[in-house]
Every structure is written in structure tokens, then in C-alpha cells.
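Fit chain B to the given chain A structure using the hints.
There are 2 protein chains.
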Amino acid sequence: MDLITFAIVLGLVAVLYGIITSRQVLGAPAGNEKMQDIAAAIQEGAKAYLGRQYTAIAIVGVLVAVVLFLTLGTLSTVAFLIGAILSGVAGFVGMNISVRANVRTAEAARTSLQGGLTLAFRSGAITGMLVAGLGLLSIAGIFWYLTGPAGLAPNARPIVDALTALAFGASLISIFARLGGGIFTKAADVGADLVGKVEAGIPEDDPRNPAVIADNVGDNVGDCAGMAADLFETYVVTIGLTMVSIALLVKAPTADLLTLMSVPLLVGGVCIVASIIGTYFVRLGSKASIMGALYKGFWVTVILSVFFIYGVFQYAFQDLNAVIGGAGFLQPATDTLTTEAALGTAARDGAEFTALDLFWCMMIGLAVTGLLVWITEYYTGTNFRPVRSIAKASETGHGTNVIQGLAISLESTALPTLVIVVAVVATYQLAGIIGVAFAATALLALAGMVVALDAYGPVTDNAGGIAEMAGLDDSVRERTDALDAVGNTTKAVTKGYAIGSAALAALVLFGAYTTDLKEFFPDVVVDFSLSNPFVIVGLLLGALLPYLFGAFGMTAVGRAAGSVVEDVREQFRSNPGIMEGTSRPNYARTVDIVTRAAIKEMIIPSLLPVLSPIAVYFIITAVAGQGQGFASLGAMLLGVIVSGLFVAISMTSGGGAWDNAKKYIEDGHHGGKGSEAHKAAVTGDTVGDPYKDTAGPAVNPMIKITNIVALLLLAVLASQG
Amino acid sequence: MDLITFAIVLGLVAVLYGIITSRQVLGAPAGNEKMQDIAAAIQEGAKAYLGRQYTAIAIVGVLVAVVLFLTLGTLSTVAFLIGAILSGVAGFVGMNISVRANVRTAEAARTSLQGGLTLAFRSGAITGMLVAGLGLLSIAGIFWYLTGPAGLAPNARPIVDALTALAFGASLISIFARLGGGIFTKAADVGADLVGKVEAGIPEDDPRNPAVIADNVGDNVGDCAGMAADLFETYVVTIGLTMVSIALLVKAPTADLLTLMSVPLLVGGVCIVASIIGTYFVRLGSKASIMGALYKGFWVTVILSVFFIYGVFQYAFQDLNAVIGGAGFLQPATDTLTTEAALGTAARDGAEFTALDLFWCMMIGLAVTGLLVWITEYYTGTNFRPVRSIAKASETGHGTNVIQGLAISLESTALPTLVIVVAVVATYQLAGIIGVAFAATALLALAGMVVALDAYGPVTDNAGGIAEMAGLDDSVRERTDALDAVGNTTKAVTKGYAIGSAALAALVLFGAYTTDLKEFFPDVVVDFSLSNPFVIVGLLLGALLPYLFGAFGMTAVGRAAGSVVEDVREQFRSNPGIMEGTSRPNYARTVDIVTRAAIKEMIIPSLLPVLSPIAVYFIITAVAGQGQGFASLGAMLLGVIVSGLFVAISMTSGGGAWDNAKKYIEDGHHGGKGSEAHKAAVTGDTVGDPYKDTAGPAVNPMIKITNIVALLLLAVLASQG
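Protein chains in written order, with this note's numbering: chain A, 578 to 1298; chain B, 578 to 1298.
Okay, chain A solo, but in the shape it has when bound (with noise of 0.2 Å):
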């Protein structure tokens, strides 16, 4: 079997590994009547808000295929529907599927902790299979039909346009969902907890509370069904690129390209089955240690993924240790005199490499993947200094404990940073810009695991809802808050992954424009060096973005929370029978009143990412010309991945740090629930939430729709001139 279809087959492998799955998770018991009542809200809830806001991307979706249509033809415009419409799909399913097992993971709790684990990770599973299942069968798909039917060379033009317009679909998705489904979830969350723990004193939870509902929507549309759009977006956008850097910069037969070029999919195929082998590993042991369990899983992966890909490199390479190609190191038109000089003595030009080169460098990959989950889990594991220092810090009141979650924000970006830079300096010495590609792919190619980590734990936080909601014994609710705690480090880490593979794949992308560039505009000189202050400008606005974006998702919270508790306190002062419990409260009303918040709220910050780098352009073009023009846009994309990195790590782990700092404190620590420090730890959680679950990792698919746009902007560019 060629490699490619080899990997389709493995794609294909993954849809039906998410059919059957799903079909037990169905399968499994769905709880009393209350309790289904109560998923029935929810889901209903989820499915509104969904179709709403797929209504909206559509609307924009639609735009901007005509625009696309108009400037670059058929091709790029069937791509694009393809990645925006499959985003859309793992989104859905992943969510549909998560509304469901949410009640059946609270019935299999009562009887037993596994019983839960496995009912809520196999919920997951399903999200992360499909996730990596689709994303891997629409480039394959693509790739296959372009190279095949279509008969066109590995590295023709209208593959490269065809892989970008892939990526810009899925991106412009993602970002909606991540931004959308993230108010959504926190506007939620922060507006019940406000009005209902804080002004009428009721636990989480509470059914009379008329947010509860839309509390729980919240965690499937953001937490589910935006962070699958997420991490599509983050796998199409990471191997697509690799390959079209394959394309773009690897001088070889066309035979050796194919290859080349379709490794990272079978890559991504292999892996996916590593991950659903590692699934079946996920099991308590004696110790009981959910973590444990997980890691059990994520571990068994990674193993099998290292002799999985070294099979993959032997049945696609014949021998290994040779020479596969003038590639590497990009030669933007400026420094094509003095690149190789540049490189210095002790350094590989990069011009040349092996396949085991590449071997080594997907190992870093995996070494990375498993680096960045050690390190978030030690920022957000109970176990460790940082989470503690939070909950000492409580003790002393609100303030120390914001300061404290602060400063643990900050550090919290210092050890991934020095992984990434490690892994980009040892990449590039192996293979040059090729291998810091391959180390992203195979980064990536443990997207099915990583995303079953993740979507495990809104299956849990709302298992553990339904359970307090249909009064079920105070044992499952334990369970389920066992199982949620473990679920607000696998969140953080899904993210720090992301943002982590955003990154590395920033070189890749970044040489995807200055090639782009170099083809499209020959007789622009564009000057990329750190000496022109066009360059500055550009890494100014670049690293400006995150920072504006962050802002906007953190006042679109507090907004949107607001109008929940105006909503809410009407709720309770027309109707007193709620208070008393006689009376049922309008969820709807609540759900509505948020997913019309959410969604107005998320347009005008998933704007900016998509019209900054062409105001850019125009403007310093305006002013400077075309050639300044191209270089401070060049220099934004990276200004947008150093800064961004920085913001993303720093939210998502301090608020994760927040969060069980809170759980921490309220597992008996430091005077425990109701005490003064628990007081202050749910400030501190509260101020966590948005930071964790709404900006921080929205900054991941505006990195890269930044970048995808100006790949774009150069290709329309060019079509015109």
C-alpha cells in the first residue's frame, strides 16, 4: 500500500474507532428520570447555542469564501470549506457526544470511581480520535487526490494554496469557537457563582439557580466543542505547513518528495492508533491515582508512538543514513549571500539530512509533548509548590492569593520556554528548518491522546453538576469532583501543547512566507533583518495582538457575566417560589441570554487577528513601501508568537494553578471550605477562569490565523498584480 493511502486507511481507522465508542458510551445506562431531565436541559442548551453560533461563522464563512473565490480560484475555496466545515464537525460530534456521556458518567460514578473514569475518558477518546481521525483525512484526502487523480507534482502550486486554504478554514473556525464557546463558559460560570454562591448563598450547582444550566452548556461548548476546533485547527495547520514546507524548500526527484511529504501523514496515522491502544490503558491502579491512570494512557502512547514512527521511517525510507536532499535552511532574498556563512563554524548548514536526522527530530518532538504535560501538570498539580504557594498565600487574604497566582502565572512560562528553544536549536542542527518542522508534526501526531486528556473533564464537571442537581448521594459527588480535579491539569495542558506546537511551528510558517514571498514578488527586496525598524514596528504590533485579544476576552466576560446576574436576580425577585424551591427557574432564559451575549461578543476580537496583518501591509506600504510593507508583516507573525506565547502559558497555567489551589484548600487544607482562605481562593479561581478558559487559549488560533492570513494576503497579492 503507498504511504498515503496507508495513512487514509488509518484516519478511517479513527472515525470508526469514535462509531463504535460511541455506541457503548450510548449504550451505557443514562441515570433516573431527574437526571436525564437534567441532560436533556443541557443538551438542548448546547445544541441552541451551537447552532447559533454556527450560524454566525457561517455568515462570515460565506464572505470569505466569495472573497476567496473571487481572488484564488476554485481550489483554495473547496479547501477552505473543507477545514471550516470539518472543524465544525469535530466540534459537534465531540459535543453531542459529551451531553451524553455527562449523565451516563454520573450514573457509572454511583456504583464506582473506574466505572466513571472510563465512561468520562472514553467520552473523551471519542473527541480525540476525531479530532486527529479528521484532520488527518482532509490533507491525506487532499493531498491524495491532488497528487493522484489530478496528477499534479507533490510540490505544485496548487497543493501549497490548497494545504493553506485548508489551514485559513479551519483557523477561522477555531477561533470563533474558542472565543465564543470561551465567554460562553465563562460568563456562565462566573455569573452563577456570583449571584448564586456570593448574593443568595446557594451551593454550586443548585438547581434553583436559574445559570446552572447555561453553566453546563458552558462546559461542553467551550470546553468541548471550542477546544476540538482548537486543536483541528492547531493539527491541520502543523502537518498542512510541514508538508508545504517539504514542498517549498526540499530540492528533490519527485518520488523522493512524495515520500517526504507523506511521511508526516502516516506519521499522524500511526500515532492515532498508538493513542487508541493507550486508551485501553487508562485504569486506576492500586493506589487509585486518577492521574495516574491517565498518565498510564498518555505513557503507553508515547512508547508505542516512538516504535511506530521508527517503522514508519523503515517501510518509507530505504536506507535510512542517506542524503535525502538539498533542503533546509530558507534563504529569504536578502541574506542569500551570506546564510551559509552565517550558520558559524560549529553549526550544520542545514542543507543536507538524513531520514534518521528526521527520526531524532520527531523524538524531540515526543520528548517535548511529554516535557510541556510534566511541566503543566507541576504548575497546576495539587502536589507541587506552585499550586501550595497559592493556597498558603490564601491564608493571608484575597489580595496575597491574587499576587501570589500572579507571580505563579509569570514563572510559570520560563521552563516551556527553554524546552521550546532547546528543541528549536537541537531540530535545527539536526535537519534545519525541515526537522523543526517534523519535531512540530510529531508534536501533533499525539493530538488524539492529548484532546481525550482534555475532553474528559467537562464530562466530569458536568457529571458532577447533574449529580448535585438530581440530589443523587454526596459518594458520587465525591467521584466526580475527584475526577474533575484531575481534569483542570489535563485542560492546561492541552493548552500549553497547543500554544507550545504554535511555537515551534512559527520558524515553519515564518518560512512559508519569506518562500512565498520570494516566488510571488522576486524583485521586492524585502530587508528581514533586526536593524530595520520596520522589523521593530512589526514585532511591536505583532506582540500588541495578544495583548489587545487578551483584553477584549476578559471585558466580553465580565459583560456577558454581568448580564447573567441582572438575569438571574430577575429571575428570583419576579418568581420567590425558586428560593423556596417550589417553583422551577427558566434555564432557557438564562442560555439564551448567554449564547446572545457570547456571540455578539466574540466577533470583534476574532476580527482582529484576520484585518491587523492586512491594515499592516497597506498601511506601512502607504508609507514606506511595498518592500517595508512585506517586512513588518513578516515581523508581526513572530511578534505575535513571542508575545503570545508568553500570554497564552501564563493564562493557562496560572488560572489552572488558581483553580485547584481553590480545590487544594477545599480538600481540607488551610482551614478548608467556608474558611477565610477558601474565601479568597475562589476569588482567585474566579479570576483564573476567563484568564484559563477564555483568553489564554484563544491566543493559539490567533497566532495562527494571523499568520495564515498573510499567506493568503501575499497569494491574492499576487494573483491581482
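Derived by calculation from the structure, the hints in this document are not laboratory data. Keep in mind that a hint or two might mislead.
Note: identical chains are not told apart, hence a pair may lie in one copy or across any two.
[To be verified] Below, a list of computed lysine-lysine pairs in the BS3-like style, where the Cα atoms sit at most 27 Å apart:
id, residue 1, residue 2
1, K611, K774
2, K624, K1177
3, K774, K1250
4, K774, K1256
5, K624, K611
Here is chain B on its own, set in the frame of chain A:
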């Protein structure tokens, strides 16, 4: 009179102003015995802290001086010592005035608001003029000696080395002073609040609180001495490096070069005169607006500066429209070939400029100052949306206060960035890199006035404390509170101003780095293109520094505040008479504890920017060769500003906004003092404290020191090679 002598005379005028005004301030009545007692305790504490801080710094300074002496010789060592000592003097004298003006301001505020304002502002103006005057004298003195008695050409290497070493001395002191002072002031402040307001339930500045003197000492050693050292450093680095970049870049006859290098000095001189005149316009109008009074002084200074600077240009240049010389765009080795083409069609190539162009660049620099002041006031003043939105968010609790504050923090970076970007583009189009440098010089030339506005803050803060402790009439406290609220904005202004100048200076510093590189290592090819992965690595590592540094600063405050809390608790426990008001707390012991803690905590973080550039160079050189080592190091210098600009502005503006949101509520909005909203606002204020007074402002000297260490590293490597 030649230009340099003229500048020296004007520098002496500043010192003379300082002496005369000091006598006026010290001649004012110093209040009753109780007030004098309290003031004496503050004086003693401040002196003790500064003594120990300078002793600790001296040890580091002597070590560095020995290294400099062994590697770069006598001249650099002497210049380093001059910079270090004068930086210390500016802080020390400023603080000495400040701790005497506080009690006199309290006394003056007994009669009228104008009286208090005049005294406090005069005291601030002394510090301001000393900072600008000593800064100017140090640069002009060295330049005069080397071009005069020593007979060197203005662009001779020793002059470049001496000015760099002078800047290094000033920076090294300032990072310790800013950070040590910042930790002291906020540890005392947060500690006093936690244990006093929160635990013991006694008001702020209650004499029964053993930490109350430490809190007041902190205002002087942090906000006055630390700030003065920081601005002294900024002044010396900016004006010194402007001269260095002229020496390195402009090709012109010696006489022209001498003129061109002297102009920044003379501009500094005339702006001191404008600032001195401006101070006399700080008077309350009919509306008794304090901010209005300060603005009057500021705008008079700006307008006079326009005319004075024009006068300087007419005095220095025969024909403002004559082309000055071949200068301009920095051409590091790698883009020699392409630079001119790279600048595009519409751009000036920056190779030539006229004196008039430079004049306009200076006007742009003044405009940037005005805009930064206005933007900072918008984000931190009680009359505008940002502060009011935080105050409003306090109604729904601690969490929403902090969320909104963080949103404002992030948002507040946008307008300053845009202003800086526009200024870079405009000045670069006018006169290349020299144009950018001249804009930065004009910005800094107003330092006398800006520091005056800032240094006035701690005096009024202290005056309020003294009024409270001495049991003066409530009307006095009301007046000092009104003065203090404006101080929050003016303090934020200085920090935004310093970091804004750092962003402009970044290009100039990077230019000096690349030019030095070319001169010292003509054979090493360095690729500063963004497509070089080692450039990305440098950018990421540079961007990490402000985050890590911020984390250290925040944690240090938390830890030091913790030791204050423990000490105060212990005092309350062992001496119950304190709370009953029958026995005096041991103020000195608390001061001593904070002193030890602050000095211990400042060392490690301060060494971070000193050692990081050295580590990055050697590690990357070992891995990938010297060319890449220099590339990563250079990129690090820009990474640290690209990220530091945002970290610093978000922290200082956000912190100021939180503080004033609390003040706005205390003025009777949203329930006023004692309401739930007020409690939430106190939390925000506590969070903002280390943000705005410790971590944020110390980013500015951190950026400078990273840059200067890199320049010195080049010189040392060259001298060893």
C-alpha cells in the same frame, strides 16, 4: 560659549536650583513635636535602609569595577564609577529632601491646599532637577574632558567606551535601587495593610501598627530614591547612547560631528531651564484642580522647550536646511548589499538629513511625551472609563474587580505601542536611526519636570501618614489625600514614560550593538534575519526575561510582606499595650526586618539581566558557533524590549488604575468606604501594589542593563581576542 560648556553651565543651574530650593523647603515650618518625632523615625529608617542598600550594591559595584578594570582599563572603570556614584547621589539626596519635606507638607496643608501642593511639588522638583542636572553633568563632563583636555576626536573609541561604561554604572545601581526599593515599599505596604486593616481592624497609618513607619519609609526609598536612580539611568543611557550612535554612524568632518554630538547635551540643558520655569506655574486655578495645576507646569515646560530647542538648533547650525552628512541607517554586515533597495520606493533611505529634520524628530519626541502623559492619565485617572469600570466591577466582588483590572492592564498597552510605532516610523523616515535617537533624547530632556511630578507623590503620601499618626485635624488628611490621588497618576506617568523611552532607545541600542560587532569582529558574519532560528531563539529568551523577573519581584514582595506580618503579630502578642495605645510599638524592628528582606530578595533577580546575555552568548556559541551566538544575543536585546514594553506598561497602568478605583470608591461612589465594593477594591489595590511599584517599573532598568551588558561583552571579547 561653545555648546558643551553651555550645556555644563545649564547642568550647574539645575544643581543650583536644587540647592536654593532645598533651603526654601527646609526653611518651612516643620510642625509640632509629635509630627517631628514621627518624621524623625521615618528619616532614620530611610537612611538606615539606603545605607545598607548602597553597601550591598557597593560590593557588587566594586566587583564589577575590578572586572572592568582588568578587561577594559582605567577610563571605562572611572566612567562606570561616575555613573554608579552619581546615580546613588541623585537617589540619596532626593530621598533626604523627601523625608524632610513630608512633615513640612503636612504642616503646610494645615493652612491650605495650595501650601501643601507647593511644598510637596518643590521637593519633587529638587529631585527632578538633580536627576536631570547630574545626568547632564556626567555625560557632558566626560565628553568635555575627552574631546578637550584629552584631545580626542569626538568619535574616538575611548569616548564610545566611556559613555557606555557610564551608562552601565548608572544602570547597575538603578536596577538594584528600583527593585530593592520596590520590594521594600510594597512589602511594608502590603504587610502593614494585611495585619493592620485586615487582621487588627485598625485604619491605615494608625500609629499602633508597628509596620506604619516602615510603610512610610518605603514611599521614600522606593518611590523616591529608587525612581530617581531609574530615571537618572534612563537619562544617561538615552542621551549618552544618542551621542554614541552619532559617533558610530555619522560620517562628517570632526567639527560637524562635535556640533552634532553636543546638540543633545544642550537640548538637555535648555529643557532643564524650561522645567525650572515650568515649576513656578504649578498653581491651583479657580477650580482648585490639582491635576490642572500640575498640567499647567508641565505644558509650560513643553511649550518653552519647543522654542528653546529651536533656539539650540539655530545656535548650533548655520543653515538648518543643509545636509549634515552621510549617516543613518545601520548596516550590519549581513545586509550591506541590500539595505538601500530594501527601504522601498516611498521611503527616505535615511542616509542624509538636515538639521531641520532632526528638529522635527525632537518635536515628535516631545509629542510622544505629551501623548504618553495623556494616555496614562486616561487609564489611571478617576475621571475616565478604565478606572470607573474597575470601580463598577467591584460591586460584584473581589473576583470581578481583579478580572476587570487585568483587562484594563492588558488594554492599556495598545495606545502607547501605537504612539511609539508611529514615532519610530516618522522619525526614521525623517532622519534614519539618528532621527529615532533624537526623538528619544527630546523625550528624556523633559525628565526634570516628569520626575518632579512623580517625586511629589511620596511626599504627599507621607504627609498624609504623618497627619494621621500625629492626630491632626481631618481636613489636613483630606487635603493630603487629594494631593495623593493625583500622585497615583503621576507615578504611573513616569513609569510609562521611562519604558516608552526604552522602546525608542531599543533601536538605537541595537544599532550600537551591530555597529560594534562589525567593528570588533569584522570577520564574523552574523545573520540577524528573522528567518535565522537563532534569532527566534534569542527573541524568545529575551521575551522571557521580563516574565521571570516579574515573577521574582512579585514573589519577593509576597515573601517579605509575610515576614512583616509575622513580626507585627508577634509585637501585638508580646506587648498588648500597643493595641490599647498605652505603649509604643517597636517601629525600628519592623523597618529592620523589611530592610533585610528587601536586600536579600533584590540580589538574584537583579543579576538575571546581567548574567543572561553572557550565558546566552556562550551557550549558543558553543552549540552553533560565534556568528549564531552574536545573532541570538542581538535578538535577545530586542526580545526583552518587545516583551518588556507590554509587561511594564500593563503592570504600571493596571496598578495605578486599581489604586485609583479604590480611591474613587472611597470618594463615595458604589457605596463608599466600608462597603462590599470597597473591600473588593482594596483587594485590587493590594494586587496592583507590587505590579505597579515593584515588578513593573524595574523592567525598564532591566532592559537597559541587558543591552549594555551585551555591548560591554563585545568590548571584552574583542579585548581578549
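Taking the hints in turn, this is what the structure says about them:
1. K611 to K774: Within one copy, since 23 Å is at most 27 Å while 48 Å is not.
2. K624 to K1177: Answer is within; shortest intra-copy Cα gap is 18 Å, inter-copy 57 Å.
3. K774 to K1250: both (13 Å within a copy, 24 Å between copies)
4. K774 to K1256: both (11 Å within a copy, 18 Å between copies)
5. K624 to K611: within (20 Å within a copy, 71 Å between copies)
The structure agrees with every numbered hint stated previously.
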